[in-house]
Amino acid sequence: MPPLDEIIRGSQIWKSVFRHPAPVDRRNRVVVMLTNFFLHLHPVSIKKQGISLSYTWCMGGVTFFLFLVETVTGVLLMFYYRPTLEWAYNDILALRDVASLGILREIHRWGAHAMVITVWLHMYRVFLTGSYKPPREFNWVIGVVLLLLTLLLSFTGYLLPWDQLAIWAITVGSNMARAHPFLGHEGPGSALLTLDGIDMITNASDARFGLLGARFVGEETLNRFYVLHCVAIPLAAALLMAIHFWRVRKDGGISGPL
Amino acid sequence: MHGHVSYEDFILQVAGFLTAYYLFVAVMNAFAALYLWQSGRAKVLLRLPGSGLAVTTAHVWLLVAGVFTILSAYATNGGAAALSLPAAMREAADSIMGPVVYTVGSLVLLAGLYLGRNFFVKPTVAWAGLNLSLLLMGLSMTDMDFASIVMKPDNVPIVAMIYLLGYFTWLSAYKAVQNDERTARGEVPLEKLDDEKVLVWPDLVYTELICMIGLTALLFVWAILLQAPLEEPASSVKTPNPSKAPWYFLGLQEMLVYYDPWMAGVVLPGVVVGGLMAIPFIDFNKLGNGYYTINERKFAYCTFQFGFLVLWVTLIVMGTFLRGPNWNFFGFYETWDAHKVEALNNVDLSQYFWVDLLHTGRPKAPDGSSMFWQIFYIIKREIVGIGLLAFYFGGGPPAMVIYSKFFREMFLRMGFVRYMVLSNLILLMALLPIKMLARWTVDMKYFISIPEYFLNF
Ligand code: HEM
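Residue numbers (this note's numbering), protein chains in the order written: chain A, 1279 to 1536; chain B, 4 to 460.
Since the hints were made in silico from the structure, they are not lab data. Quick reminder that beta carbons are idealized off the backbone N, C-alpha and C, glycines included. Worth double-checking, as some hints may not be accurate.
[Claimed, not checked] Here chain B is said to cover these stretches of chain A; the calculated rule only asks that three of the stretch's residues, wherever they fall, bring their Cβ under 8 Å from a Cβ of chain B: (1) 1331-1342; (2) 1403-1415; (3) 1451-1460; (4) 1472-1481; (5) 1504-1515; (6) 1520-1526.
Please build the complete structure, drawing on both the sequences and the hints.
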């Protein structure tokens, strides 16, 4: 009888999934990169320094991987957690004390912190290698938006445990919106926006109200941040990441000396 | 905060950690010694006369490993309390430390590292620095106040970040210095030597796979060792003191000391984002694309490092570790005492001008005057600050062109629009240190203070 792996690789099922022999020779190592959906993000061959860890620090890749970890653990947490005043805190408490996979919360939280750090390191490396210079200017701009989205993802998620740490951090953070020039009710210039002597920008209509859905961090805020955190921002980030990776390829691959 | 834990109990808790910690550092050094010895990269430090025996860096790190092993054994055998910095030293450190010393100190330190980079990037020097900082960390961990703030679950990643940033700053500078030396000799940068092509499968795909497995393992260990924080249920009536934003925004919260929220919370973050996006369009220097270098782009390097390491990172570190109740400043080894009072007698510029200098009192619109006259009087009251600011932003960019050869060349090469964007970004960035200085030296509160319209600057 032939060895087991040959039987598996020779079976019709395996062949229907992988349309090429094992990537052990040069030809098939090229073919695998071209036919596999996940691998086709990459080029077939690449400059040696483009994959040198001491050059890229792998930080963009690590950030992306952490985004995937956050997506997977986040979806699992969503099965458990209910974003209401009644349940939010208790669900998190139960994740810590009774739920069998409660450690998912730890992974999700530390992964989020790590992602903020790695995205900064990635930006740091891109700057230090001058990789934002032509032709990669636009990808840097996309990167800056991704950086912002990463911070917002982390910020909106911070509220969800609904403990003292959460609501006061969000209160401090969102108080800034109150001082938005013109759009915050305690911001410079907002007093000038009046209609027939009635203030248009009040604490129930300003930028902070829009962010919180209420005058204080409350149930409306929890709902708003939940939707932003679980749906809106991840979708936007995923789209921009796709463009970011596409542009890395189209701008000539990882930067290198001319 | 930790009032109910006695020092003895605390030491018992921390002893286990320190045992593992010192052991880890010892193993690290042992590996370094092994690596240097095996690869033949160990540097001879001195030769013993007569016998011809050489003492190399490998021996030194082996010795250091031995010392840390002893520390580890000592910590585990009830000696942890003795492994601390002398109390007098800690008190002295706390009493000198303040916002001024911290901020100026960080700046001077980074500037010194930059100027002496040829020396500091040497692996031996950098490794010695790392050992020293790890030793200091370890000795500080037996201080209850230090430990309680550093061990706070959400703060642990920040400690990790400081070390990661240190490492990568070193790595990039190390490569940059090498490249700069090569360029000076007329050679190509190191990165150029590696421009042959390799197949992505297996070279990249396997690296990625190993990275992913390693990271997953790391996350699991981290998640098991450190529980995510969960405090009391949210209560909108019990305000914690201090109330802090999430850690990555603490630099901005720290700016609230000097700026009103509309600047620190809205305008400046906007400028940071806009300024970052503008970088590729205002940096016209074609050199330094795709390899590490400092000499070929000194201005860009220094400006970015000033913005990132000084204004962003050190302020976050300060906001996290050194700001306690009422946002008062506390040294690394100081107890967070909510009753600490700091005299705040900051004065507005208009006060200085009208009251202290002219002795006339600040102009005030007569009661019942119309909107127009009210605004007129406000502007008159704040005229010095408004004038200064207009002079700063209006006069700054042309003055830089006229008085500095460097900026003149920039202006000529960049054209009007780009130059204006660049110069205004630099002026905005410089405003924070200027405000800090004005606060520290003459207790200046606001240059322009128009509370009537929430416009304080
Ligand atoms: C969620 C955030 C981000 C992800 C997942 C991400 C991912 C990546 C990846 C995987 C690469 C390939 C090379 C490498 O790993 O270094 C890359 C390259 C690049 N990234 Fe990002 N990135 C992110 C944020 C940013 C940010 C914040 C910036 C800059 C402000 C940025 C600018 C760039 C540029 C210019 C390149 C091309 C670099 C070169 O060719 O050497 N990215 N990114």
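Outcome of the hint check:
Counting residues of the segment 1331-1342 of chain A whose C-beta lies closer than 8 Å to any C-beta of chain B gives 7; at least three are required, and the coverage claim holds. With a threshold of 8 Å between beta carbons, the proposed coverage of the segment 1403-1415 of chain A by chain B holds, since 11 of its residues qualify and at least three are required. Judged by the Cβ-Cβ criterion of 8 Å, the segment 1451-1460 of chain A is covered by chain B as claimed, because 8 of its residues qualify and three suffice. Coverage of the segment 1472-1481 of chain A by chain B is violated. Counting CB-CB distances below 8 Å, 0 residues qualify, and the rule asks for three or more.
Three residues within the 8 Å Cβ limit are the bar, and the segment 1504-1515 of chain A against chain B gives 0, so the coverage statement is violated. With a cut-off of 8 Å between beta carbons, the segment 1520-1526 of chain A has 0 residues touching chain B; three or more are needed, and the interface restraint is violated.
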